[in-house]
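K.L.:
Put chain B on the given structure of chain A with help from the hints.
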Amino acid sequence: MVDLAFLLVTFFMLTATMRSPEPVLVDTPSSISDVILPKNTLLITIDTAGRVFFNIEGKDVRMNMLRRMMNKFPEVKFTDEQVNKFGAMQSFGCNFAQLPEFIDDDQNKRDAFNKASPGIPIDTVGGKDQLSFWINFGRVEEFKFRKEQQDEGKPTTELRIAIKADGKAAYKKIDAVIALFKKQDVYQFNLITALEGDPNAAPAASAKK
Amino acid sequence: MADIQQQQSHRKGRRRSHLPVRVDMTPLVDLAFLLLTFFVLTSELSKQNAITTKFPKDVQPNTLVNNGLTILLGKNPENIFWYRGEFKPSMHLNVAGKGNQELLDVLKNANESVFEQVEIVDRQHNLGLLNYANWNKKRAEYLGNRSVPFVILKWDNETDYQSVVTAIDDLNRTHINKYAIVSVSDAEKELEKNQVPVK
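Top line first, the protein sequences correspond to chains A and B. Per my numbering, residue 1 is the first one in the first sequence, and the count goes up by one each step. Per my numbering, residue 1001 is the first one in the second sequence, and the count goes up by one each step.
Hints in this document: simulated from the structure, not taken from any laboratory. Incorrect hints may have been included.
[Unchecked claim] If you anchor each label on the Cβ, the simulated ranges turn out as follows: (1) B/Glu1141 to A/Leu7: 48 to 56 angstroms; (2) A/Asp104 to B/Met1025: 44 to 52 angstroms; (3) A/Pro38 to B/Ala1187: 50 to 58 angstroms; (4) B/Asn1136 to A/Ala179: 43 to 51 angstroms; (5) B/Lys1178 to A/Lys183: 19 to 27 angstroms; (6) A/Glu81 to B/Val1029: 25 to 33 angstroms; (7) A/Asp105 to B/Asn1134: 55 to 63 angstroms; (8) B/Glu1112 to A/Asp105: 53 to 61 angstroms; (9) A/Leu8 to B/Glu1158: 33 to 41 angstroms; (10) A/Thr157 to B/Asn1134: 23 to 31 angstroms; (11) B/Glu1141 to A/Gly153: 35 to 43 angstroms; (12) A/Lys183 to B/Pro1089: 30 to 38 angstroms.
[Stated by the list, open to error] Quick list of in silico lysine-lysine cross-link-like pairs, DSSO-like style, CA-CA up to 27 angstroms: (13) A/Lys128 to A/Lys183; (14) B/Lys1178 to B/Lys1108; (15) B/Lys1088 to A/Lys168; (16) B/Lys1178 to B/Lys1189; (17) A/Lys77 to A/Lys39; (18) B/Lys1075 to A/Lys168; (19) A/Lys39 to B/Lys1108; (20) A/Lys172 to A/Lys115; (21) A/Lys144 to B/Lys1054; (22) B/Lys1054 to A/Lys147; (23) B/Lys1189 to A/Lys182; (24) A/Lys168 to B/Lys1189; (25) B/Lys1178 to A/Lys172; (26) A/Lys85 to A/Lys144; (27) A/Lys183 to A/Lys39; (28) A/Lys172 to B/Lys1054; (29) B/Lys1178 to A/Lys182; (30) A/Lys182 to A/Lys168; (31) B/Lys1054 to A/Lys183; (32) A/Lys182 to A/Lys172; (33) B/Lys1075 to A/Lys172.
[Said to hold, decoys possible] Some but not every residue of chain A turned toward chain B, in silico, with C-beta under 7 angstroms: (34) Leu4; (35) Phe6; (36) Leu8; (37) Val9; (38) Ser31; (39) Leu37; (40) Phe96.
Keep in mind it's a predicted model, so treat the numbers as computed, not measured. By construction, the Cβ of each residue, glycine as well, lies at the ideal position given by its N, Cα and C atoms.
With the rest of the complex left out, here is chain A (with noise of 0.2 angstroms):
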């Protein structure tokens, strides 16, 4: 029984990849699609309310991406301590004014603020919206990073857009932020689903015999 506690020990060690942090809970819409999400992707999640949050992966990318930000709004300071942190860190949904205060916060007092935060601004009405030059500014250095490792000869995976929204909300919200994408000329979307079985498949082929 030891023997075999260790094995199961060794086993989910070496094919465990943590589960990265959500900042939401999100109940994703279920689908017969069985097509794996890719690798390196730019998330966007979208929970009940509508609240927008992104991610993207690579901590250079994510610190190259927060200083174009800072050049945009240069009314918000940042410590390099900061910047190195939000480095780390995974998905954020707050206001750009907001967020040196998200980086200082720990862990529990993030996940109180991600509750009652409005999310990213997506508003264009106003010229409100902040999520585009995120998405800009991620897709940028994103590419740069992309090229810079192409030339070094690794192997690199192109950056796919997935959009990771409660089955519950309003489609009015993901249309919004699916706009804000087409703008910059991306039409090419990822949606996560939750896997369920296909109730059509057995009938729908005996049907055509």
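P.N.:
Using the frame of chain A, we list chain B on its own:
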């Protein structure tokens, strides 16, 4: 149980100790189980699935599509309206009620010939009668057929994300790869309101 007892040595020579050595394994086993529990809980057993969608550049909400199907996704996923071709204010909307199966049938009928062709090559490929290259080629040929209808999914303020994903699923399942997702027009909404709701 959780300890190791040293075997009595029967060597001739000098005996080092008379006492059997007892190694207590309990803390080790405890730790092993603790780690096991931790990794079981944190590991991701199922990878996330995703649908890949490609949206067309821009579709005006009132685009006229002759060889097309317009599907109105409303609040109630059990009650989906659809019509064929161009929109006329006096037209009668068809209802695909009772959940998902009916919409699937509507789409299957609209794309019947291509659907059957693709299903046949898929099955041949699955049975190993068709190699991958040929299968892909034939599939692309069938899917590029002009008779594949253009489907417009229309959403209103009450449509939830799940309904849209289910509809995209149905399109994928019936091999319709030309579709757009746009918001519903006022005229269509008006017409939808006048329809008798299905129970």
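K.L.:
Now look at each hint and say whether the structure bears it out.
P.N.:
The hints, checked one at a time:
Checking the proposed 48 to 56 angstroms range against B/Glu1141 and A/Leu7 shows it holds: the Cβ atoms sit about 51 angstroms from each other. About 45 angstroms separates the C-beta atoms of A/Asp104 and B/Met1025, a value consistent with the hinted range of 44 to 52 angstroms. Look at A/Pro38 against B/Ala1187: about 40 angstroms separates their beta carbons, and that is not inside 50 to 58 angstroms. Between B/Asn1136 and A/Ala179 the C-beta distance comes to about 33 angstroms, which lies outside the given range of 43 to 51 angstroms.
About 23 angstroms separates the C-beta atoms of B/Lys1178 and A/Lys183, a value consistent with the hinted range of 19 to 27 angstroms. Against the hinted window of 25 to 33 angstroms, the Cβ-Cβ separation of A/Glu81 and B/Val1029 comes to about 43 angstroms, which falls outside the hint. Taking 55 to 63 angstroms as the suggested C-beta distance range, the pair A/Asp105 and B/Asn1134 conforms, at roughly 57 angstroms. The given range of 53 to 61 angstroms is respected by B/Glu1112 and A/Asp105, whose C-beta atoms sit roughly 58 angstroms from each other.
Checked against the hint of 33 to 41 angstroms, the pair A/Leu8 and B/Glu1158 fails, with Cβ atoms roughly 48 angstroms apart. One distance hint, 23 to 31 angstroms for the beta-carbon pair A/Thr157 and B/Asn1134, holds here, with the actual separation near 28 angstroms. Taking the beta carbon of each, B/Glu1141 and A/Gly153 are about 37 angstroms apart, inside 35 to 43 angstroms as hinted. A beta carbon spacing of about 32 angstroms between A/Lys183 and B/Pro1089 agrees with the range 30 to 38 angstroms that was offered as a hint.
Pair hint A/Lys128 plus A/Lys183 holds up; C-alpha atoms about 16 angstroms apart against a cutoff of 27 angstroms. A distance of roughly 14 angstroms separates the Cα atoms of B/Lys1178 and B/Lys1108; the hinted pair therefore holds under the 27 angstroms criterion. Between the alpha carbons of B/Lys1088 and A/Lys168 the distance comes to roughly 32 angstroms, so the proposed pair goes past 27 angstroms and is violated. Annotation: proposed proximity of B/Lys1178 to B/Lys1189 holds, straight-line Cα distance about 24 angstroms (limit 27 angstroms).
Distance hint between A/Lys77 and A/Lys39 is unfulfilled; the C-alpha atoms sit about 32 angstroms from each other, more than 27 angstroms. Note on B/Lys1075 and A/Lys168: the hinted pairing holds, with a Cα-Cα distance of about 11 angstroms set against a maximum of 27 angstroms. Simply put, A/Lys39 and B/Lys1108 have alpha-carbon atoms about 33 angstroms apart, too far for the 27 angstroms limit, and the pair is violated. Of the pairs offered as hints, the one joining A/Lys172 and A/Lys115 holds, with about 21 angstroms between alpha carbons and a cut-off of 27 angstroms not exceeded.
Using a Cα cut-off of 27 angstroms, the hinted pair A/Lys144 and B/Lys1054 holds, with the two alpha carbons roughly 25 angstroms apart. Distance hint between B/Lys1054 and A/Lys147 is fulfilled; the C-alpha atoms sit about 25 angstroms from each other, no more than 27 angstroms. Note on B/Lys1189 and A/Lys182: the hinted pairing holds, with a Cα-Cα distance of about 26 angstroms set against a maximum of 27 angstroms. Taking the CA atoms of A/Lys168 and B/Lys1189, the gap is near 21 angstroms; set against the 27 angstroms cutoff, the hint holds.
Simply put, B/Lys1178 and A/Lys172 have alpha-carbon atoms about 21 angstroms apart, close enough for the 27 angstroms limit, and the pair holds. Using a Cα cut-off of 27 angstroms, the hinted pair A/Lys85 and A/Lys144 holds, with the two alpha carbons roughly 21 angstroms apart. Of the pairs offered as hints, the one joining A/Lys183 and A/Lys39 holds, with about 24 angstroms between alpha carbons and a cut-off of 27 angstroms not exceeded. Restraint check for A/Lys172 and B/Lys1054: satisfied, since their Cα atoms lie roughly 18 angstroms apart, inside the 27 angstroms limit.
Pair hint B/Lys1178 plus A/Lys182 holds up; C-alpha atoms about 17 angstroms apart against a cutoff of 27 angstroms. Distance hint between A/Lys182 and A/Lys168 is fulfilled; the C-alpha atoms sit about 23 angstroms from each other, no more than 27 angstroms. In summary, the hint linking B/Lys1054 to A/Lys183 is supported, as the alpha carbons are separated by about 15 angstroms, within the 27 angstroms threshold. For the suggested pair A/Lys182 and A/Lys172, the alpha carbons sit about 15 angstroms apart, so the restraint of at most 27 angstroms is met.
The straight-line distance between the Cα atoms of B/Lys1075 and A/Lys172 is roughly 12 angstroms, inside the 27 angstroms bound, and the hint therefore holds. For A/Leu4, the interface hint is violated, the least distance from its beta-carbon to any beta-carbon of chain B being 10 angstroms, above 7 angstroms. Against a cut-off of 7 angstroms between C-beta atoms, the interface hint on A/Phe6 holds, since the closest Cβ of chain B lies about 6 angstroms away. A distance limit of 7 angstroms between C-beta atoms decides the matter here; for A/Leu8 the minimum to chain B is near 5 angstroms, and the interface restraint holds.
Checking A/Val9 against chain B by beta carbon gives a least distance of about 5 angstroms; that is within 7 angstroms, so the hint holds. Because the smallest distance between the Cβ of A/Ser31 and any Cβ of chain B comes to about 5 angstroms, under 7 angstroms, the interface hint for this residue holds. Interface hint status for A/Leu37: upheld, as the beta-carbon distance to the closest one in chain B is roughly 4 angstroms, under 7 angstroms. For A/Phe96, the interface hint is violated, the least distance from its beta-carbon to any beta-carbon of chain B being 26 angstroms, above 7 angstroms.
Of the numbered hints given earlier, the model fails hints 3, 4, 6, 9, 15, 17, 19, 34, 40; all others are met.
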